[in-house]
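Read top to bottom, the protein sequences are chains A and U. Sequence positions in the first sequence follow our numbering and run 1 to 359. Sequence positions in the second sequence follow our numbering and run 1 to 129.
No wet-lab data here; the hints were simulated from the structure. Keep in mind the model is a prediction, meaning the values are calculated, not measured. Glycine residues also receive a C-beta, built at the ideal position from the N, C-alpha and C atoms. Mixed in with the good hints, there may be bad ones.
Here are a few chain U residues that sit away from chain A, every Cβ distance over 10 Å (derived from the structure) [to be verified]:
| id | residue |
| --- | --- |
| 1 | D38 |
| 2 | E43 |
| 3 | P85 |
| 4 | S106 |
Label pairs and their in silico Cβ distance ranges [to be verified]:
| id | chain 1 | residue 1 | chain 2 | residue 2 | range |
| --- | --- | --- | --- | --- | --- |
| 5 | A | A288 | U | Y124 | 55 to 63 Å |
| 6 | U | T110 | A | E10 | 50 to 58 Å |
| 7 | U | S117 | A | V348 | 44 to 52 Å |
| 8 | U | E50 | A | A288 | 34 to 42 Å |
| 9 | A | A269 | U | A56 | 46 to 54 Å |
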Amino acid sequence: MNLKQTPLHEEHVKLKARMVPFGGWDMPVQYTGVLAEHAAVRERAGLFDVSHMGEFLVTGKGAAAFLNQLTVNDVTKMADGRCQYNVMCDDTGGAVDDIIVMRESADRYLVVVNASNIDKDFSWLASHKPEDVSLTNESDAWALLAVQGPQSSKLIAQMMGQDFNDLRYYHFKKLTWQGCDVILSRTGYTGEDGFEIFVPARAAAKAWQAFLTAGATPAGLAARDTLRLEAAYPLYGHELTSKISPLEAGLGWVVKIDKGDFIGRKVLAKQKQEGLKRRLVGFNMTEAGIAREGAPVFSEAGIAIGFVTSGTHSPTLKLAIGLALIEYGVSGNILIEIRGQKKKAKIVPTPFYKGSAQK
Amino acid sequence: MGNFPAELKYTKEHEWIKIEGKLATVGITEYAAEQLGDVVLVELPAMDAEITKGDAFGVVESVKSVSDIFAPISGHVREVNDALPETPALVNDDPYGEGWLVRIESSDATDFDELMSAKEYESYLSEEA
């Protein structure tokens with residue numbers, strides 16, 4: 001398979017990043033080392049190329065109603081300039097993707113989707129689209145850079161020549177930067193305060209270099225994963241899949257059962273009414289070992305109760321942490337099988353680490 | 001492709017071995033450490049454990065991946081690097097020095113004959129790549 005390259009590919013090669021395939025893209029997994037990059041984001045500011053993410057423009061009189069029918073959160077409650085975390089479900093209540101909906105105006109929305117789901121999501125949306133809505137895949141036109149960390153607002157001010165302290169969490173602004181139309185949103189995937197900036201592909205390298213000059217540390221996918229896991233954010237394909245509903249994934253706050261009909265509502269309403277059979281929990285190992293994705297989870301008595309969806313070493317806590325989908329109601333000590341041995345772990349509240357992100 | 005001291009022997013599993021009489025100090029090569037990335041966990045066998053050439057006897061785990069350590073020779077574990085549980089990063093920082101893993105007392109001297117020289121390991125790596 002031919003790997004796709006982001007508009008920043010050359011910049012990564014220049015920095016001697018180690019490149020790996022990710023969701024069909026050739027992406028930087030690390031520049032100098034995951035631990036140093038992780039620490040840079042927690043303590044200062046890191047710079048991520050997330051241009052592999054997809055962007056769809058949804059416009060027209062029926063745009064809000066259309067998006068509301070396809071997602072579990074309430075799009076009709078959004079104001080202009082707002083971002084909304086949302087999930088598209090199928091008829092079985094399983095997740096098609098988790099997305100961010102950005103409302104430019106009542107009949108104009110930008111939908112940000114996961115890289116590996118661009119084609120699937122576009123077909124899904126297109127197949128449900130009414131005539132009064134127009135849907136465009138703008139993924140190739142946009143580069144997306146994320147600046148994350150307690151110092152990110154300082155870096156943004158330096159780069160944009162004005163400060164954005166009044167831009168609140170999950171809000172965005174359309175701006176002009178060096179003659180280009182850009183979108184600046186206060187969003188991220190690290191648990192830290194941060195911004196994501198959409199720039200036209202041709203201006204990507206210029207924006208990247210401006211952030212580096214301002215002092216951001218380039219950070220790769222490996223750090224992005226440890227950071228999001230410390231913040232206990234779900235990753236599609238792991239915590240959310242076509243077999244895992246947003247309710248099971250702990251995203252009950254996103255699911256607005258009473259907003260009116262939407263795809264997946266029947267099953268989700270039933271799950272809510274009858275009670276969940278399984279749910280996502282955070283755990284940390286209390287014995288040496290790192291539980292990885294797929295590792296079987298057992299109760300203290302040795303009964304199989306589920307599996308690990310993501311697991312890693314937490315660079316901030318210096319502990320093995322993870323998320324697991326297990327039988328509803330289990331708490332306290334559990335066992336996780338690592339290379340044939342059951343190792344002790346315990347269920348803990350999430351997030352594992354609370355960063356500088358405002359909420 | 002990195003630094004491979006000439007006085008050491010090497011395996012296809014990317015371990016280095018320093019032979020002093022019957023005693024062999026074992027670690028992973030700089031190439032292996034770089035491939036793994038930041039090492040965060042090292043599991044080593046118990047003292048005096050008997051190990052068999054080719055068997056997995058320990059684990060080196062980085063943030064992203066897990067690798068078994070295979071016994072390059074048969075024998076008994078006579079020393080383990082006690083610094084590693086606390087400071088696994090030694091494997092990245094000083095793979096041929098402070099980052100050593102175990103010392104094995106060989107039970108079959110012919111095991112040594114099958115190890116690669118630094119030159120042989122280097123050409124093995126370039127073929128693998």
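Verification of the supplied hints:
| no. | hint | verdict |
| --- | --- | --- |
| 1 | D38 | violated, 5 Å |
| 2 | E43 | violated, 7 Å |
| 3 | P85 | violated, 8 Å |
| 4 | S106 | holds, 27 Å |
| 5 | A288(A) <-> Y124(U): 55 to 63 Å | violated, 32 Å |
| 6 | T110(U) <-> E10(A): 50 to 58 Å | holds, 52 Å |
| 7 | S117(U) <-> V348(A): 44 to 52 Å | holds, 50 Å |
| 8 | E50(U) <-> A288(A): 34 to 42 Å | violated, 22 Å |
| 9 | A269(A) <-> A56(U): 46 to 54 Å | holds, 49 Å |
In summary, the structure is inconsistent with hints 1, 2, 3, 5, 8 from the numbered list given earlier, while agreeing with the others.
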